[in-house]
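Given the coordinates of chain A, assemble chain B with the ligand onto it according to the supplied hints.
Residue numbers (numbering that gives the first Met the number 0), protein chains in the order written: chain A, 0 to 337; chain B, 0 to 259.
Don't read these hints as lab results, they were simulated from the structure.
Worth double-checking, as some hints may not be accurate.
[As the list claims (entries may be wrong)] Taking lysine-lysine pairs in the BS3-like style, the calculated list, with each CA pair at most 25 Å apart, reads:
1) K23/A / K257/B
2) K224/A / K23/A
3) K195/B / K332/A
[Unchecked claim] Residues from chain A that keep clear of chain B, each with C-beta distances beyond 12 Å, as calculated:
4) P6
5) G53
6) E93
7) H228
8) A327
[Said to hold, decoys possible] Not close to chain B: a few residues of chain A, all C-beta gaps over 12 Å, as computed:
9) G57
10) D65
11) S279
Just so you know, these numbers come straight off a predicted model, no measurement behind them.
From the three backbone atoms N, C-alpha and C, an ideal C-beta is built for every residue, glycine too.
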Amino acid sequence: MTADSAPRDVWVLVDHADGRSVRKITYELLGQAQALAGAAGGRVVAAALGAGIGGLAGDLGVHGADRVMLADAPVLERYTTDAYAAVLAPLLEEARPRLLLMGSTAWGRDLAPRIAARTGAGIVTDCSAVEIEDGRIVATRPVMTRKAIARVAFAADGLRIAVVLPNVLPPAPAVPGRTAETVAVPVTVDPGAVRTRVVEIRPLARETVPLTEADIIVAGGRGLKGPEHFALLDELAGALGAAVGSSRPPVDSGWVPHDYEIGQTGKTVNPQLYIACGISGAPQHQAGMSGARWIVAINRDPQAPIFQIASYGLVGDLFQIVPLLTAAVRRLKAAPQG
Amino acid sequence: MHVVVCVKHVPDTEAPIRIRGDGRGVEESGLNFVMNYYDEHAVEEGLRIKERAGGSVTVITAGPARAVEALRAALAMGADHAIHVQDPGLEALDHLGIARVLAAAIAPLPHDLVLCGKLATDDNASIVGPALAEYLGLPQATAVTALELGEGRATAHREVEGAVEVLEVTLPAVVTVERNINEPRYPSLPGIMKAKRTPITAKALADLGLAPDAAGGPHRVELVGLTPPPRRQPGRVIPGEPDAAVRELVRLLREEAKVL
Ligand SMILES: Cc1cc2nc3c(=O)[nH]c(=O)nc-3n(C[C@H](O)[C@H](O)[C@H](O)COP(=O)(O)OP(=O)(O)OC[C@H]3O[C@@H](n4cnc5c(N)ncnc54)[C@H](O)[C@@H]3O)c2cc1C
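Bound conformation, chain A alone:
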């Protein structure tokens, strides 16, 4: 065995939508935690912070948590760096798990480095895999605009935090009837010591599925020619149950807001299916989407670099092809599945 005398448990920080439901990334982290903890003979511990979140524990048990640490208090209703760090850092220092897994989401990326700095934990962000090799925990992450894949090893001792990309790892399977032990965590945070205050959350009405969690993404580029034509993509996405994104020019031209952007200066996405419409496939765009399982390119230029990475290419006018595709998908969905 290694010199690591710390407990064998693997922790997961639960990412949830206002305590109502667990985010998909949490199931993915639980799946990863099961694999890692199982190999080491440890438990899977889910730490959930929020207000009125007791209802999440059952679901976490069904998805592989052996124990749920519930920090449930009004001061945790909205995520704030100060309050969440004040609860999580001492918990970790006391339990000293082998590894804490967090999701690479807006608050995961905000919190993880803060916790690492406070506790002296090793931290690796944007992980696409976390494995045990010769007793060491090794994380894999894309770097340099995805032009290289880095493998980073955690030190043999001490705390470790891996921040994992959403939509990359398979979710833990649901085992109906499986339950977790629940432990209530006392919360003693002084609200006066919290130096940020969430004034408002403005939901993006259009975003039914966040791009980073979507199984299918329909993305448009400069070839869309104007904001009004994004309606074509909305219709295709509606038929597919997909999210809509874009390359950078539509954002820079003000056709769509910045949160649509996929690529080096936008989001990194890992859907099952990515349909690129009027996108040439520049390296900076590929940096955000080349992890998609299947890629469809619709472009009238047969030389466009996107065809180099597309599983299926259609050379032609998107204004003709996209509506045909929408109609075909609708027909398929309407037909009795056989």
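Relative to the frame of chain A, chain B with the ligand by itself:
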């Protein structure tokens, strides 16, 4: 309002890279280095704040000799002062170590606001900003798309999953910025001339009261190696008239890819 902006000198993302023989980094020869893209937005935000509220903009980097170019670029945009932490001891530091060094350099400076890019485009870590906030004992707002300063506090907008979060943070604070917070200016000719004349304050780890080997604390993570990404197999172009091609595509998505 005294603003400190942290900048990093990184390879231009346009260029192809060559992984070193030992897999422990990339060949620097032939690479073009520039100020990290998001840091340009951080510098711009600092300059706009100074233009509205007065005060100063100090840029700081912890990096090798070549990184002075990132400082010159920020000075050319209009920054007032520049600090270059340069030390052989930096090479061994991980992100937390670099954040500790920056904190030691910034702590004695007047700072109402510390700005960073939301991440550096070379290693994408997005660790230094929040870690710096922790070491300075300041609150933070990360990946900010709009920032408005008030009396002793600031209002920041952040993109979160499915929403925009509006956040109030007390000052001083560390804020990391998204690219749509502003459009960075181009350096003016007089700016470039002035940048050449502006002295750059050099600091070694010892000047910051940090022992070279202790600056990063014990090693928490270590790069095992870099490899090229797996090559994607180019697939097939589906021939035929649009109508037939779309039908074939849907069949493939259903039967081969099994995603419909
Ligand atoms: C530092 C930096 C960061 C960047 N970050 C990003 C990023 O995060 N994301 C990103 O996407 N880009 C990014 N870029 C920009 C990137 O380099 C490209 O300029 C951009 O991706 C091109 O977008 P596009 O493919 O939509 O447009 P173009 O390259 O102009 O391609 C448009 C495509 O549409 C096709 N087309 C036109 N009309 C039709 C039609 N009727 N039917 C079918 N096809 C049609 C054309 O054949 C063409 O291939 C970045 C650049 C830099 C310098």
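Verification of the supplied hints:
no. : hint            : verdict
1   : K23/A / K257/B  : holds, 21 Å
2   : K224/A / K23/A  : violated, 34 Å
3   : K195/B / K332/A : violated, 65 Å
4   : P6              : holds, 18 Å
5   : G53             : holds, 23 Å
6   : E93             : holds, 19 Å
7   : H228            : holds, 17 Å
8   : A327            : violated, 5 Å
9   : G57             : holds, 23 Å
10  : D65             : holds, 27 Å
11  : S279            : holds, 14 Å
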